[in-house]
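Model the full assembly from the supplied sequences, consistent with the hints where possible.
Chains as they are written, first to last, in the numbering used here: chain A, 2 to 266; chain B, 2 to 266.
Check before you lean on any hint, since a few could be wrong.
Covered by chain B, according to a simulated footprint, are these stretches of chain A (three or more residues, beta-carbon under 8 Å) [to be verified]:
1) 74–83
2) 100–108
3) 157–171
4) 216–223
Treat the hints as calculated values from the structure; they're not laboratory data. Yeah, the Cβ is synthetic: ideal placement off N, Cα and C, and Gly gets one too.
2 protein chains.
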Amino acid sequence: MTSWIRFRQPQGHIGFGVLDNGNIAEFEGDMFGDATATGKQWQQDDVELLSPCLPTKVVALWNNFHALSQKLGKAAPSHPLFLIKPPMSVIGPGAPIRRPKGYSGKIAYEGELGIVIGKRCTNVSPEEADGYIFGYTCINDVTAVDLLNEDPNFAQWCRSKGFDTFSCIGPVIKTQFDWRNANVVTRLDDVERQNYPISDMIFTPAEQVSMISHDMTLMPGDVIACGTSIGVGSIKDGSTVVVSIDGIGALPNQLAAARQLETAA
Amino acid sequence: MTSWIRFRQPQGHIGFGVLDNGNIAEFEGDMFGDATATGKQWQQDDVELLSPCLPTKVVALWNNFHALSQKLGKAAPSHPLFLIKPPMSVIGPGAPIRRPKGYSGKIAYEGELGIVIGKRCTNVSPEEADGYIFGYTCINDVTAVDLLNEDPNFAQWCRSKGFDTFSCIGPVIKTQFDWRNANVVTRLDDVERQNYPISDMIFTPAEQVSMISHDMTLMPGDVIACGTSIGVGSIKDGSTVVVSIDGIGALPNQLAAARQLETAA
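Next up, the structure:
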């Protein structure tokens, strides 16, 4: 059980390493390949945690939990149903979610388990798939809800979920994580809004990696957002969402208030 | 009017440069920034042309031509309707389209104009947008048609169009190209199947770049596939599709026959 992170220290240096009890041991090389300890140590409090990986794509599942599937009255799918979120949508723990310019509608959180791919894979079997999983992380899969069905002929999944800052990932990638005994818990301004067992999944992580690897080559650092369950809701400007999974950690992200956005611009 | 290409020479060296009358002047640096001529020359016949850019994402439009919109009986959209195709879906001219493993259904071609982004852009106006367009290319936006509506609750755009080899791009990126007076012509085994004026577009390239840059940051080398018009059809195994646009060039790609796939595997 190792917790891999990426970080930026105050002088701007970006690195990666292993987080243990507030101490960071820096590594160099390839997180997913030959990573070697540099001997340098950092304190977590002295650095900014970044998204723990830089995916070439985020594959985000819809309708992958029995409880939500039943609540929506939708049949369980026979293959993972997904959309693709672009690399620029990714942010790390603590980074602000930004409201799209010109969009005043509803913005929703979705707390999810994330699978991080460790090795390039194409057409792998479910039995082989675990060997291609580097570890697991927390995801807040953010949606500009009012855009999804704006056009009657085309559900705009990629648009409504693909905005910059709409894929919150972190705080760490946990290796050898036992998802079968964990819950995803989502808090909105400290009030619990989601708390569901990951074991209620329709497609397990190994099934997802196998089936999606038949749809496209998955690359090291790519992320599969496993889909959410009941309790999805909207975020007011200035509110903070924390997605946490016991054994991985807590992923806090605030929807920037309008005033903060003006200052940042 | 410059034709930028990427190529691989027989010893495996991958480079980029300017194609002029069968001669390639190699450049180094950044195609979209400080590119300088190396002085090296190659003959087009001696090298393999690759996809002329390596997008971080392909943004592929649906319902962007009046003629097809009217044929389908769908209203023109108020904002570009798009899905995202992953980087691994991209191939260059002459590379084989590969049938997905385990999929025996219909595979369709769509001949399209492609916009190649030259500078990182977010929230640009239509008036500014042309300054962010590096040039134009030809696209064959390939689809595993039978998967699109396999699930009654979720149109699988990203899955059916996101397979490896399903975004054919090339042969060149043409700068200062006047799309207003050009047609997209698609030939299937030398029979013309599409021939439509690009001027029939619902959203012009500048409008697309502006509106999509409000949805996500576009990066140098990213490609917008402008959508297709009437004449879409299916490709038999072993058949070759050539998408050509006068002033850009011709993009040939064969759907590999089963026997070829076995040999390659």
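Each hint, compared with the structure:
Counting residues of the region 74–83 of chain A whose C-beta sits closer than 8 Å to any C-beta of chain B gives 7, which meets the bar of three, so the coverage hint holds. Given a C-beta distance limit of less than 8 Å, the hint that chain B covers the region 100–108 of chain A holds, as 3 residues qualify and 3 suffice. Check on the region 157–171 of chain A: 7 of its residues sit with their Cβ under 8 Å from a Cβ of chain B, so the three-residue criterion for coverage holds. Counting residues of the region 216–223 of chain A whose CB lies closer than 8 Å to any CB of chain B gives 4, which reaches the minimum of 3, so the coverage claim holds.
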